[in-house]
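There are 2 protein chains.
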Amino acid sequence: MKPHGPIPPGYVADTDGMLLIGGDRADALADMAGDTPLFVYDSAMLTARVAEWRAAMPDAVQLHYAMKANPYAPLLVFMAGLVDGFDVASGGELKAALASGMAAQDISFAGPGKRDRELDAAITAGATLNLESAGEAERALSIAANLGVTPRLAVRVNPDFDLKGSGMKMGGGAKPFGVDANEVPPLVRRLIASGADWQGFHIFAGSQALDAAAIADTQAQTVALAGRLADEIGATPPLVNLGGGMGVPYFPGDKAVDAATVGIALADTLAQRSASLENSRFAMELGRWLVAEAGVYLTRIVDRKISHAETFLVTDGGLHHQLAASGNFGTVIRRNYPIAVMNAFGSEPVETVSVVGCLCTPLDRLGDQVALPRADVGDLIAVFLAGAYGASASPASFLGQGSAREMLV
Amino acid sequence: MKPHGPIPPGYVADTDGMLLIGGDRADALADMAGDTPLFVYDSAMLTARVAEWRAAMPDAVQLHYAMKANPYAPLLVFMAGLVDGFDVASGGELKAALASGMAAQDISFAGPGKRDRELDAAITAGATLNLESAGEAERALSIAANLGVTPRLAVRVNPDFDLKGSGMKMGGGAKPFGVDANEVPPLVRRLIASGADWQGFHIFAGSQALDAAAIADTQAQTVALAGRLADEIGATPPLVNLGGGMGVPYFPGDKAVDAATVGIALADTLAQRSASLENSRFAMELGRWLVAEAGVYLTRIVDRKISHAETFLVTDGGLHHQLAASGNFGTVIRRNYPIAVMNAFGSEPVETVSVVGCLCTPLDRLGDQVALPRADVGDLIAVFLAGAYGASASPASFLGQGSAREMLV
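Top line first, the protein sequences correspond to chains L and B. 2 is the number of the first residue of the first sequence in the numbering used here; add one for each residue after it. 2 is the number of the first residue of the second sequence in the numbering used here; add one for each residue after it.
Be a bit skeptical, because a hint or two may be false.
[Said to hold, decoys possible] Under the rule of at most 30 Å between Cα atoms (straight-line distance), these lysine-lysine pairs were calculated in the DSS-like manner:
#1 B:K96 / B:K256
#2 L:K3 / B:K170
#3 L:K165 / B:K3
#4 B:K165 / B:K96
#5 B:K3 / B:K165
#6 L:K170 / B:K3
#7 L:K3 / L:K256
#8 L:K3 / B:K165
#9 L:K170 / L:K96
#10 L:K165 / L:K256
Because the hints were derived from the structure by calculation, they are not lab data.
The task is simple: from the sequences and hints, build the whole structure.
Encoded structure:
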């Protein structure tokens with residue numbers, strides 16, 4: 002038997018033992034959707050999560066949603082009403098962000114390979130470009146001049162530090178992201194001299210960390226770096242985007258990040274900030290932390306079989322919808338995401354089984370030798386933490402299976 | 002500097018140093034497609050590959066194409082004219098196989114999680130189901146009875162051996178695929194007794210092996226297993242699908258599998274087969290080996306930047322089209338696929354660079370510290386071995402970038 006990750010708080014069953022999502026029975030949601038597999042996102046959990054963040058953080062700090070975590074259109078519309086801005090990573094995401102109702106001036110666009118037509122679309126819409134290189138800056142200025150528009154331009158800084166313990170390091174050494182810190186001041190001076198509407202800095206040191214002290218330390222370094230850069234430039238950045246970093250517990254032994262600790266430290270950091278940042282606004286940019294726990298992936302058992310004394314539950318889902326949960330996306334050692342039998346939610350496990358997907362590849366495993374209550378053909382399996390980097394980060398066309406359904410409740 | 006894998010044979014440049022694919026200049030193909038990124042598949046290479054296989058293998062062995070490797074519709078139509086059958090892994094693939102012109106009786110459908118509607122579609126069409134469990138067999142018989150149709154049913158056998166050195170082990174111990182060998186005879190007797198049109202065995206021990214001796218050894222074990230099962234059942238399997246196994250060299254030091262050695266050994270194995278297999282047909286089921294080398298992924302450089310003295314070429318492509326090449330699909334250690342600058346193909350390298358995709362994640366790297374000729378913004382990068390498990394096996398929706406174009410030339 003191998004352990005699985007912790008089931009996120011807030012999920013309960015009804016008296017039949019059926020998992021409830023947003024107050025609805027999981028089997029009823031699957032019926033309503035018409036078929037499995039299905040992603041369900043709980044809007045009340047999204048609201049609660051944003052409230053938790055606001056309660057923990059200093060009032061002056063804005064909350065941006067990094068929509069790469071989950072770009073499902075109804076979820077975007079919902080999030081647009083909860084957060085202060087969206088961060089997008091492509092022309093496609095920009096279009097979706099605008100369609101959600103988010104105002105263009107509250108949208109920023111980062112990404113190391115923006116094409117001319119993507120720069121054009123952002124400048125035309127009035128969104129902020131987080132510039133990733135001097136070359137991209139020149140392309141943006143040239144496009145804006147041709148359009149006769151004053152572009153809103155921020156500079157993404159490649160910091161000389163990274164976020165300790167982060168799952169994805171985005172700073173510290175040679176990186177394709179942003180402009181090395183020592184090259185930022187001349188670039189910002191160039192932007193200001195060219196008449197661009199300079200929006201400030203985007204500094205993203207890493208993501209998916211669970212250690213509040215490490216996140217707080219990185220934020221202190223980030224604010225200090227922004228202050229040094231502002232001093233050297235001799236101008237106040239209108240906005241300092243501090244990046245993200247707050248992760249969620251996926252695996253056995255993981256503990257939730259303590260948002261209150263992050264918030265207290267951030268208030269302290271901001272109180273001590275350089276005079277050159279006195280009139281700056283600050284933002285955090287979060288994706289996974291906001292949406293991961295609010296999502297559940299529902300898949301139905303198609304076959305139950307025994308091979309060499311091991312039991313397999315074969316489902317109609319798999320890595321084509323949940324690549325990361327199968328352990329095949331950016332992870333070295335495969336570990337089990339939190340997983341449950343929906344119609345026996347909270348019941349004691351009685352057997353050890355492997356839950357596999359329907360794909361004809363040994364990579365397609367959602368739960369490896371996990372202890373579960375008895376489950377049979379037709380029963381529903383839940384894979385948790387499906388609200389971030391699930392549907393949109395998986396190869397939906399693989400083996401001709403097609404996309405999963407999605408639903409916001 | 003880190004090495005990259007060997008560029009497949011057959012790729013040459015014109016006198017300008019521009020890579021030719023199917024005789025056409027790569028830049029002209031990108032113009033014709035209208036935009037990059039672009040997958041180009043060379044039909045002449047597909048024809049040559051099938052001819053190479055037929056020259057190496059005994060005449061009696063049929064060639065099936067495992068379309069999961071590349072389901073691009075024009076390529077399927079082309080392959081339908083070259084091979085003897087298609088192997089499909091979902092109802093979606095079955096539909097595409099039928100649309101390609103392949104006859105239903107030459108299509109077989111394997112996959113551990115077939116839904117009732119997929120069984121129904123295959124039985125209705127007259128394709129062969131490779132049954133993965135006794136439970137699936139009962140569902141298929143019941144659906145066929147309801148339809149009033151005699152179903153074509155084969156049994157997928159979970160062999161007690163695996164393919165040594167294979168990238169994907171599909172046999173040897175507890176597996177979600179197929180029926181354990183000792184349970185096959187009663188299941189086949191049940192199928193025959195029920196009036197089904199029993200089609201034989203599907204025995205797939207592993208894939209992506211480069212050692213001809215290991216493949217030959219596995220084929221000998223496979224034929225011996227089929228013989229023992231046929232003896233015990235007391236009936237001749239009409240077809241024995243020997244599976245695949247022949248891989249392609251992706252990484253530095255990899256050597257192409259010697260098809261002639263596999264063919265000579267297979268002829269010997271078949272000459273010595275059990276009398277119970279005397280009237281059986283045999284097939285090999287290949288995906289990657291047939292199509293991988295015929296495909297090239299073309300992506301254009303959007304930015305060239307230096308960070309902490311390292312040079313990055315940022316392209317408009319990435320892991321959303323080439324997940325496996327980024328090292329994030331089923332590999333533990335990231336190594337470089339073969340990669341080249343298209344407009345300086347065959348030129349000596351002059352610098353060490355990292356080729357990254359346009360996604361805002363450190364996972365998105367197509368070439369890590371590779372030695373290449375000088376390349377600038379607007380130049381085209383080629384990632385080879387893009388004919389298999391590229392477009393359809395990558396998360397095209399990730400970060401809103403969308404699918405790549407595809408073209409058969």
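Hint check:
{"no.": "1", "hint": "B:K96 / B:K256", "verdict": "36 Å, violated"}
{"no.": "2", "hint": "L:K3 / B:K170", "verdict": "21 Å, holds"}
{"no.": "3", "hint": "L:K165 / B:K3", "verdict": "27 Å, holds"}
{"no.": "4", "hint": "B:K165 / B:K96", "verdict": "34 Å, violated"}
{"no.": "5", "hint": "B:K3 / B:K165", "verdict": "28 Å, holds"}
{"no.": "6", "hint": "L:K170 / B:K3", "verdict": "21 Å, holds"}
{"no.": "7", "hint": "L:K3 / L:K256", "verdict": "18 Å, holds"}
{"no.": "8", "hint": "L:K3 / B:K165", "verdict": "27 Å, holds"}
{"no.": "9", "hint": "L:K170 / L:K96", "verdict": "28 Å, holds"}
{"no.": "10", "hint": "L:K165 / L:K256", "verdict": "16 Å, holds"}
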